[in-house]
Amino acid sequence: MFDACRIILSQGYKIIVITNQSGIARGYHTLNQFTELNAWMLKEFQKEDVEVTDVYFCPHHPNIGLTAYMQDCECRKPKPGMILRAKNEHNLDLAQSVLVGDRTSDIEAGSNADIGSLFLVDVASKENTIASPCHNLLDAVKHHFKILT
68 MFDACRIILS QGYKIIVITN QSGIARGYHT LNQFTELNAW MLKEFQKEDV EVTDVYFCPH
128 HPNIGLTAYM QDCECRKPKP GMILRAKNEH NLDLAQSVLV GDRTSDIEAG SNADIGSLFL
188 VDVASKENTI ASPCHNLLDA VKHHFKILT
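So in this note's numbering, spot 24 of the sequence shown is number 91, and the numbers just go up one at a time.
Treat the hints with caution; some may be incorrect.
[As the list claims (entries may be wrong)] Distance condition first, Cα-Cα at most 30 Å in a straight line; then the derived DSSO-like pairs of lysine-lysine:
#1 Lys110 with Lys81
#2 Lys154 with Lys81
#3 Lys110 with Lys154
#4 Lys110 with Lys209
#5 Lys209 with Lys114
#6 Lys110 with Lys146
#7 Lys209 with Lys146
#8 Lys209 with Lys154
[Stated by the list, open to error] Just the calculated beta-carbon pair ranges, DEER-fashion:
#9 Gly94 with Lys213: 40 to 50 Å
#10 Phe212 with His157: 32 to 42 Å
#11 Tyr95 with Phe212: 33 to 43 Å
#12 His202 with Leu76: 14 to 24 Å
#13 Ile214 with Tyr95: 17 to 27 Å
#14 Ile214 with Cys140: 30 to 40 Å
#15 Glu111 with Gly90: 39 to 49 Å
#16 Glu103 with Leu133: 10 to 20 Å
The set of hints was computed from the structure by calculation and includes no laboratory data.
Quick reminder that beta carbons are idealized off the backbone N, C-alpha and C, glycines included.
Modelling step: build the complete structure from the supplied sequences, incorporating the hints.
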C-alpha cells in the first residue's frame, strides 16, 4: 500500500481519505476512538514518508443509531458531500482526480462528484460498470499511471 501511495505522490497527486464511519452513529465506537485511530494511521503513513493531505469522515447513518448522529446528511457516501468539500478546501480538479474504493457506494460518490477515474477493488459483486476493476490499490495505481510490471 505504501508503495502505491508513493507513486501517487510522485505523480503530483494528493492523497485524501474519504470514509463513512457509521460505527460512530451505531455506537460501535466513539468519535474520540475514531480520532485516536485516525491519528495513529496518519503517523504510520508519516513513518513511511507518505503524506496524507486530509481525512474526511461521515459519522452519520440515516436511520440507525444514536440520535446525535442519526440523520440523512449530504456527506454520507454515495452522496458526494465529502468529495465536494475536499475539492473546495484543496482546490482539486475532480475531472483529473482518481478514486479507489472497495464499495459500490464509494464509486457512486465518485461518479456523483464527476471524478475522472474510478477503480473498484475486488469485491464479491462485479455488477458495477462505471468503475475499472482492480485487485488492490497498487493495481489501480499501476493501471491509472500505465506502469508496467
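Structure versus earlier hints - violations, ascending order = 10, 13 and 15
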